[in-house]
Amino acid sequence: MSPRALGARAWAPLGVLTSLAYCLHQRREARVEPRGADGQHPAPRSLLELKMVQVVFRHGARSPLKQLPQKEQVEWTPRLLDVPPQTQFDYMVTSLTGGPKPHSPFDAQYQSTVLKVSDTLSRPPRGRPGPGLMGRPCGRVSLPSPLPPQGGVFAGQLTKVGMQQMFALGQRLRRSYVEDVPFLSPTYNPLEVFVRSTNIYRNLESTRCLLAGLFQHQKGPVVIHTDEASSEVLYPNYLNCWSLRERTKGRKKAASLQSGISEDLKKVKEELGLTSSDGIDFFHLLDNAAAEEVHSLPSCPALRRFARMIEQRAVDTALYVLQWEDRESLQMLVGPFLHMLEGNLLRSADPAAPPGQTRKLYLYAAHDVTLLPLLLALGVFDNKWPPFAADLTLELYQHRETKEWFVQLRYVGEEQVPRGCPGPLCPLDKFLSTVSLYSVSPEKYHTLCSQARLADLEAGSG
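Under mature numbering (1 follows the signal peptide of the UniProt record, and there is no 0), the letters of the sequence shown match residues -21 to -1, 1 to 441, in that order.
Note that these hints are calculated values from the structure, not bench results. This one's a predicted model, so the numbers in the text were calculated from it and none came from an experiment. A virtual CB, placed ideally from N, CA and C, is assigned to each residue, including glycine. One or more of the hints may lead you astray.
Straight-line distance between alpha carbons at most 27 Å, and here's what the computed DSS-like set of lysine-lysine pairs gives [what the hints assert, rightly or not]: (1) Lys30 / Lys228; (2) Lys232 / Lys245; (3) Lys45 / Lys409; (4) Lys382 / Lys339; (5) Lys246 / Lys363; (6) Lys248 / Lys198; (7) Lys246 / Lys45; (8) Lys50 / Lys95; (9) Lys248 / Lys50; (10) Lys45 / Lys228; (11) Lys409 / Lys30; (12) Lys231 / Lys246; (13) Lys45 / Lys245; (14) Lys231 / Lys45; (15) Lys80 / Lys245; (16) Lys30 / Lys339; (17) Lys228 / Lys139; (18) Lys95 / Lys248; (19) Lys80 / Lys30; (20) Lys30 / Lys198; (21) Lys139 / Lys363; (22) Lys50 / Lys245; (23) Lys45 / Lys248; (24) Lys231 / Lys363; (25) Lys95 / Lys80; (26) Lys80 / Lys198; (27) Lys228 / Lys245; (28) Lys232 / Lys363; (29) Lys232 / Lys45; (30) Lys50 / Lys246; (31) Lys409 / Lys382.
Derived CB-CB ranges, DEER-like [unchecked claim]: (32) Gln90 / Gly258: 19 to 29 Å; (33) Lys45 / Gly229: 12 to 22 Å; (34) Ser429 / Asn362: 30 to 40 Å; (35) Ser241 / Arg379: 50 to 60 Å; (36) Ser74 / Ala332: 23 to 33 Å; (37) Gly402 / Asp305: 25 to 35 Å; (38) Pro79 / Ser238: 43 to 53 Å.
When you get a sec, could you build the whole thing from the sequences and use the hints?
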């Protein structure tokens, strides 16, 4: 993708944001106030005004992406897809510029895999909407059929459990930002809320359920913005980033050969009756174990017995594949997304920002492969795989008297202390300093992603 195409998207000008960050730093340094024992400014919550919230969340529970090649497979009945009535919420999907919904190559891929289901259990799920979205036709969207024609469940399909998880997350956000603190309007207001999702059906549906829990009532459909797969930044884009693809090429297979990982993988596969040549790794094992556990399905005893080890080895494998200690790797994984989050913070803290360019709430429906590198970049990764419906929340506050800005980071509802911050309530300039290590502009992202290809071309021309 060309720098011009990247630059055409809604990115904040780098020079303006850098200048504003410097001014914020100077303002804080010029005001020497007494600090607490932990090094923080004494900033009672009563003196802090919430200005903006950003929530990055993983979709709810789903069916596995690939079942394990065992003789006795878990059966996935269509009953698991029943839609809870309270999660019904009307929405429409557009491109980032308001045009038609882009094509989703991933949904077509998922629909090609139908999970095992007993013939006696095959039936349409209750509560599924008819044509259009939630019973309303909408010319801007084209969503996949909710069920395979022969009955059963598609790979990677959001389930009733997942819908309930997302509705519960929406309820938690409502308590935090509507009921406990009157920050958002009780009903959806497009001038207050911006919603973006990856163009994958389970994420769009997860967003629907979250919105139902958050707003409960609505006036007309909510717009969910999404991007082309080729330019999406809400997940590591191996399709668009040549250097990232080259760096990780072969490392997934090599990870399975690493000492400790290799022995544990062999042990688990032998217990499950799997062969060494079936291509199953700890990612596949965790995917099935997590999906079966959250849906209380009769899983293989060995899979349950090794559940903790499987999760830890999946994390170890991911850290090896992602080369997380390498700054450029994290920049290519989530740098553009961090740049977007950073830009939202700076625009909200900029008194000169034109009305209508900022929102009170930004919702981003992403994935586990998004959250893991984000947590690494912010220095708050807990060495556990991000669970279904996990959320990373960034709250921006302003001190009512000193007018200083602070960021509060939460992961699955718990306060976090980002790298470089004196405590949970982090001065904005310190938080931005941490983010700037891995945040990359569209132009720099293009340069980073082109490095391997340019090196190959130069070597070939010699």
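Mind checking the alpha carbons of Lys30 and Lys339 for me, to see if they're no more than 27 Å apart? Holds, at about 7 Å.
For the pair supplied as a hint, Lys45 and Lys228, confirm whether the alpha-carbon distance does not exceed 27 Å. holds (21 Å)
For the pair we were handed, Lys80 and Lys245, check the Cα-Cα distance against 27 Å. Given pair Lys80, Lys245 is violated - Cα atoms ~44 Å apart, limit 27 Å.
Taking only the CA atoms, is the gap from Lys231 to Lys246 under or equal to 27 Å? It holds: about 19 Å lies between the C-alpha atoms, which stays within 27 Å.
Straight-line Cα separation of Lys231 and Lys363 no greater than 27 Å? This hinted pair holds, its Cα atoms lying about 19 Å apart.
Decide if the proposed pair is consistent with the structure: Lys30 and Lys228, CA atoms, cutoff 27 Å inclusive. violated (42 Å)
Could you grab the alpha-carbon distance between Lys80 and Lys30 and see if it respects the 27 Å cut-off? violated (31 Å)
For Lys409 and Lys382, compute the direct alpha-carbon distance and say whether it is at most 27 Å. It holds: about 16 Å lies between the C-alpha atoms, which stays within 27 Å.
Status of the given 25 to 35 Å range, CB of Asp305 versus CB of Gly402: holds (29 Å)
Please work out if Lys80 and Lys198 have their alpha carbons no farther apart than 27 Å. holds (21 Å)
Take the C-alpha atoms of Lys50 and Lys246, compute the straight-line distance between them, and say whether it is at most 27 Å. holds (18 Å)
Cβ separation of Ser74 and Ala332, checked against the hinted range 23 to 33 Å: holds (24 Å)
Hint compliance for this structure: hints 1, 3, 6, 15, 17, 19 and 25 are broken, all remaining hints hold.
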